[in-house]
Amino acid sequence: MENKKLLLDIQDLSIQYDTEGGTVHAVEHLNLTLEHGENLGFVGETGAGKTTTALGIMGLIPNPPGIIADGKIFFEGEDLLKKSERQMRDIRGGKIAMIFQDPMTSLNPVMTVDKQIAEMVLLHNDVSEQQALERAVEMLEMVGIKKERAHDFPHQFSGGMKQRVVIAIALACNPILLIADEPTTALDVTIQAQVLELMHELRRKINTSLIMITHDLGIVAEMCDKVAIMYAGRVVEYASTEALYNRPAHPYTEGLFNSIPDIDRDEEELKVIQGLLPDPTNLPSGCSFHPRCPYAIDSCSSDMPPMVEIEAGHFVACPVRFEHWKNAADGNGGVKR
Amino acid sequence: MSGNTAPRMKSEAGLLDIWRRLRKNPLAMFGLFIVVLLIFFAITADVIAPYKYYEQNLINSFQSPSKEHLFGTDEFGRDILSRIIHGSRISLQVGLIAVGISVIFGGFFGAVAGYYGGRIDNLIMRGMDILLSIPSILLAIAIAASLGPGLYNMMVAVGISTTPQYARIIRGSVLSLRGQEFVEAAKAVGSSDTRIIMKHILPNCLAPIIVQSTLGVASAILTAAGLSFIGLGIQPPTPEWGAMLSGGREYIRDYAYMTVFPGLAIMITILALNFLGDGLRDVLDPKLKR
Amino acid sequence: MLKYIVKRIFSLIPVLLGVAFIVFTLLYLTPGDPARIVLGEQATEEALAEFREKEGLNDPFLVQFGNYVWKAVTKGDIGRSYMTRRSVANEIMSAFPSTLKLALSCVIAAVLLGIPIGILSAIRQNTLFDNITRFLAIVGLSMPVFWQGVLLILLFSVKLRWFPASGFDTWATLVLPTLTLACNPLAVITRMTRSSMLEVVRQDYIRTARAKGQTEQIVIWRHALGNALIPIVTVIGLQFGSLLAGAVLTESIFSIPGVGRLMVDAIKMRDYPVVQGGVLFIAVAFSFVNLMVDLLYAWIDPRIRAQYR
Numbered sequence: 001m002e003n004k005k006l007l008l009d010i011q012d013l014s015i016q017y018d019t020e021g022g023t024v025h026a027v028e029h030l031n032l033t034l035e036h037g038e039n040l041g042f043v044g045e046t047g048a049g050k051t052t053t054a055l056g057i058m059g060l061i062p063n064p065p066g067i068i069a070d071g072k073i074f075f076e077g078e079d080l081l082k083k084s085e086r087q088m089r090d091i092r093g094g095k096i097a098m099i100f101q102d103p104m105t106s107l108n109p110v111m112t113v114d115k116q117i118a119e120m121v122l123l124h125n126d127v128s129e130q131q132a133l134e135r136a137v138e139m140l141e142m143v144g145i146k147k148e149r150a151h152d153f154p155h156q157f158s159g160g161m162k163q164r165v166v167i168a169i170a171l172a173c174n175p176i177l178l179i180a181d182e183p184t185t186a187l188d189v190t191i192q193a194q195v196l197e198l199m200h201e202l203r204r205k206i207n208t209s210l211i212m213i214t215h216d217l218g219i220v221a222e223m224c225d226k227v228a229i230m231y232a233g234r235v236v237e238y239a240s241t242e243a244l245y246n247r248p249a250h251p252y253t254e255g256l257f258n259s260i261p262d263i264d265r266d267e268e269e270l271k272v273i274q275g276l277l278p279d280p281t282n283l284p285s286g287c288s289f290h291p292r293c294p295y296a297i298d299s300c301s302s303d304m305p306p307m308v309e310i311e312a313g314h315f316v317a318c319p320v321r322f323e324h325w326k327n328a329a330d331g332n333g334g335v336k337r
Numbered sequence: 001m002s003g004n005t006a007p008r009m010k011s012e013a014g015l016l017d018i019w020r021r022l023r024k025n026p027l028a029m030f031g032l033f034i035v036v037l038l039i040f041f042a043i044t045a046d047v048i049a050p051y052k053y054y055e056q057n058l059i060n061s062f063q064s065p066s067k068e069h070l071f072g073t074d075e076f077g078r079d080i081l082s083r084i085i086h087g088s089r090i091s092l093q094v095g096l097i098a099v100g101i102s103v104i105f106g107g108f109f110g111a112v113a114g115y116y117g118g119r120i121d122n123l124i125m126r127g128m129d130i131l132l133s134i135p136s137i138l139l140a141i142a143i144a145a146s147l148g149p150g151l152y153n154m155m156v157a158v159g160i161s162t163t164p165q166y167a168r169i170i171r172g173s174v175l176s177l178r179g180q181e182f183v184e185a186a187k188a189v190g191s192s193d194t195r196i197i198m199k200h201i202l203p204n205c206l207a208p209i210i211v212q213s214t215l216g217v218a219s220a221i222l223t224a225a226g227l228s229f230i231g232l233g234i235q236p237p238t239p240e241w242g243a244m245l246s247g248g249r250e251y252i253r254d255y256a257y258m259t260v261f262p263g264l265a266i267m268i269t270i271l272a273l274n275f276l277g278d279g280l281r282d283v284l285d286p287k288l289k290r
Numbered sequence: 001m002l003k004y005i006v007k008r009i010f011s012l013i014p015v016l017l018g019v020a021f022i023v024f025t026l027l028y029l030t031p032g033d034p035a036r037i038v039l040g041e042q043a044t045e046e047a048l049a050e051f052r053e054k055e056g057l058n059d060p061f062l063v064q065f066g067n068y069v070w071k072a073v074t075k076g077d078i079g080r081s082y083m084t085r086r087s088v089a090n091e092i093m094s095a096f097p098s099t100l101k102l103a104l105s106c107v108i109a110a111v112l113l114g115i116p117i118g119i120l121s122a123i124r125q126n127t128l129f130d131n132i133t134r135f136l137a138i139v140g141l142s143m144p145v146f147w148q149g150v151l152l153i154l155l156f157s158v159k160l161r162w163f164p165a166s167g168f169d170t171w172a173t174l175v176l177p178t179l180t181l182a183c184n185p186l187a188v189i190t191r192m193t194r195s196s197m198l199e200v201v202r203q204d205y206i207r208t209a210r211a212k213g214q215t216e217q218i219v220i221w222r223h224a225l226g227n228a229l230i231p232i233v234t235v236i237g238l239q240f241g242s243l244l245a246g247a248v249l250t251e252s253i254f255s256i257p258g259v260g261r262l263m264v265d266a267i268k269m270r271d272y273p274v275v276q277g278g279v280l281f282i283a284v285a286f287s288f289v290n291l292m293v294d295l296l297y298a299w300i301d302p303r304i305r306a307q308y309r
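Residue numbers (the numbering used here), protein chains in the order written: chain A, 1 to 337; chain B, 1 to 290; chain C, 1 to 309.
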């Protein structure tokens, strides 16, 4: 890991929102790395802080109420948090692009789609408006939209088509890093598969790294090399996809897998995770997950569990399950889900 | 971003809760204070006014503000402060009654149009559209011109001229309530239409009515003062602020206070009502926030 | 689009007929005998009877209304002044340019100031600037126009002698009336711009624009304002209407020879055909402003444009 230069290295990142109801600790001491060309799945429940982390990388935390309270975000070896707004503008869209969750509302309703793509091209390339519009049509064709529709407005497209346009905008300047925030959640299942396939293909073509934010472990298995599991503002488990799927260690990860219905196994009911995400203005002491955790012991409510590397490249923040995991792994080469 | 939006405040939230939230808004509290003060003046005008508002004293005319006459005296030697205190009676009366007329007629037409929909709705709202296409101050002028000057005619003119605005708001609220479960439920158990409208629908659209009425009293007072200013409202010697202001204009070069004080009275009243209305809108119906 | 415009103009017809009906009815119900007002106290009964016959005052109400509309549509004749016996339409048309000049100058001033102030207020929500703006906007809404006019005259023409208090021929004469009358629309436009922008800047497409690396200026002025315009344009239209109507007060303060002053003078002389003619005229003008606003919507928002096809 050390020998390769990291593309993205987030260290100890904390992001807060000051609201009337108190300070929301959206992201707490988050650490995350991403290598060139790597695909990272970023998994957790709604409200876990995934989108906030992404907006933090983009420098788009709405302030007020949001502030980056602590930490560093190294991108290509430079701390993004130390960059000026002007430098960040060049990075945004040019080097790091983002696809937002809801394609229905992500496009400007009063601008034709080609202009919305061309805007991106013009901002990061030294081209004429005419050339930018030509590039926009090219991008539209690349994502499978006919060039006759270039002058159409967003309301004339379906949801899946709009997401294609959003993808075209994000990829228009060949970004080094693409952050996709639940790009398929708002779409019909059949369209979801198409859009994922398209992203997969395009990613190979222009060779970007990807952070795929999702709560769908199926998508991660299909698209990602590595997975980070996020819970209440923290990464609780981080591993290669292979390791995580075969040998999950954190009780929360385990809970996520258990809550996926499995037709092969004849289970009476799903083992859902008890309880809800904690109130982000008032997180539990110690491990945030302990009130919902079936394995919690006394020390869980007082001590914050550190991230421990339990096998090469597999980190987990749960000392309790670590022991169990080790025994199981020693015994039969892996934990049965 | 964690989207923790507060649930929308229901209009039937307890009075106490509304009061607690309103109390946090200093401008609204200032507005309320002034309104209460004004009501107090209006009720006790005969007692607290230092002079009789109609008492002429020609030797004493055009007295600049002094200890005896805090706001000075007018061309007939009448005490301007006393006339302003009495004027609060007229202004409040005009504001409240005019808005009352608008709410009753607007409420009736709006509720009927919204509840029955279809052809009745179409007919009523087309009529309202026609009235709305005449700017309300102009409609008030036209009506007042036909009815002739006078306090009651003025109230009717102002009241009718703003009726369509209330009809629109109430129709909108009724329309959105009509399809809701509790109305369907009332229909299912065989309640009469009148009963459903009066018991179930109107109480639930009180919030926008209260807000619009508070702001409406302000604009009614303003319109009425404007009518008096151009000679279509209340006739002298009734102490109406707009008429006093209009009368003072002749002497503006030398006795500006004659114009300044009545104008100030109007402005502070309107300001107070607007502060209060804005505050109420924020508390009662965040959706209405402009 | 053209089809829509034509349709929209046709839909104005019943509205205008309705307005004419209201105005005519009000005139009809006005106490006082028109013949007496025109011919004076000394007129003989025969003269009065002859006048009533000639003017059709003995006809049934609906026949009179029919004639009124017929003459208005075919000859642009909406009656004669009781006082001058001149055509009301002519009087209004010669007064209208002054009113229009005043209303336009106010709308332009209010838009040029109100939109930037409203935007600034929105992007600096809850700062001192925003709080002061909101406070001043309510004060602006609460100012009685006629009082403000009188005070401005007192300050700027009587005391400071910077601007003339009356007349309407030079640019300087336009300053005080504009200051007086633009206050209210300025406050309304500022408030609407602020709230509309606040609504729009939290939309996802604004975040998309920022994520492209777009400058904040363009994000606000192109992406946000472009989408926030519909309610702003609506209130500008409404304000234009109230300016035309509010001219009734301002014009008499500043002695501007416009439709408003014509009407106020007519009110004082009980010259009702002129009053009602003025109301009718301004209502027609207001309807056309609203039509323009509707057409502007289509220009601003492609979704509305699509419905018009």
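Bear in mind the hints are in silico, worked out from the structure with no lab data behind them.
In this text, a Cβ means the ideal position worked out from N, Cα and C, and glycines have one as well.
Do not rely on the hints blindly, as some may be mistaken.
For each label pair, taking beta carbons as the anchor points, the in silico distance ranges come out as [claimed, not checked]:
{"hint": "1", "chain 1": "A", "residue 1": "F257", "chain 2": "C", "residue 2": "P116", "range": "27 to 35 Å"}
{"hint": "2", "chain 1": "C", "residue 1": "V6", "chain 2": "A", "residue 2": "E141", "range": "52 to 60 Å"}
{"hint": "3", "chain 1": "B", "residue 1": "M29", "chain 2": "C", "residue 2": "E55", "range": "57 to 65 Å"}
{"hint": "4", "chain 1": "C", "residue 1": "E41", "chain 2": "B", "residue 2": "P149", "range": "57 to 65 Å"}
{"hint": "5", "chain 1": "A", "residue 1": "Q156", "chain 2": "C", "residue 2": "M269", "range": "36 to 44 Å"}
{"hint": "6", "chain 1": "A", "residue 1": "G159", "chain 2": "B", "residue 2": "S176", "range": "57 to 65 Å"}
Chain B stretches covered by chain C per the calculated footprint, using a threshold of three residues with CB under 8 Å from any CB of chain C [claimed, not checked]:
{"hint": "7", "region": "100-113"}
{"hint": "8", "region": "142-156"}
{"hint": "9", "region": "221-227"}
In silico DSSO-like links for lysine-lysine, alpha-carbon gap of 30 Å or less [unchecked claim]:
{"hint": "10", "chain 1": "C", "residue 1": "K71", "chain 2": "C", "residue 2": "K54"}
{"hint": "11", "chain 1": "C", "residue 1": "K7", "chain 2": "C", "residue 2": "K268"}
{"hint": "12", "chain 1": "B", "residue 1": "K67", "chain 2": "C", "residue 2": "K7"}
{"hint": "13", "chain 1": "C", "residue 1": "K7", "chain 2": "C", "residue 2": "K75"}
{"hint": "14", "chain 1": "A", "residue 1": "K115", "chain 2": "A", "residue 2": "K5"}
{"hint": "15", "chain 1": "A", "residue 1": "K115", "chain 2": "C", "residue 2": "K75"}
Here is what the structure says about each hint:
1. A/F257 to C/P116: 27 to 35 Å: 55 Å, violated
2. C/V6 to A/E141: 52 to 60 Å: 39 Å, violated
3. B/M29 to C/E55: 57 to 65 Å: With a Cβ separation near 59 Å, B/M29 and C/E55 satisfy 57 to 65 Å, so the hint holds.
4. C/E41 to B/P149: 57 to 65 Å: 21 Å, violated
5. A/Q156 to C/M269: 36 to 44 Å: With Cβ atoms ~60 Å apart, the hint is violated.
6. A/G159 to B/S176: 57 to 65 Å: 27 Å, violated
7. 100-113: Not satisfied, violated; 0 residues make the cut.
8. 142-156: holds (count 5)
9. 221-227: Per the Cβ count (3), the hint holds.
10. C/K71 to C/K54: 15 Å, holds
11. C/K7 to C/K268: 40 Å, violated
12. B/K67 to C/K7: 67 Å, violated
13. C/K7 to C/K75: 24 Å, holds
14. A/K115 to A/K5: 37 Å, violated
15. A/K115 to C/K75: 51 Å, violated
Checked against the numbered hints above, the structure breaks hints 1, 2, 4, 5, 6, 7, 11, 12, 14, 15 and satisfies the rest.
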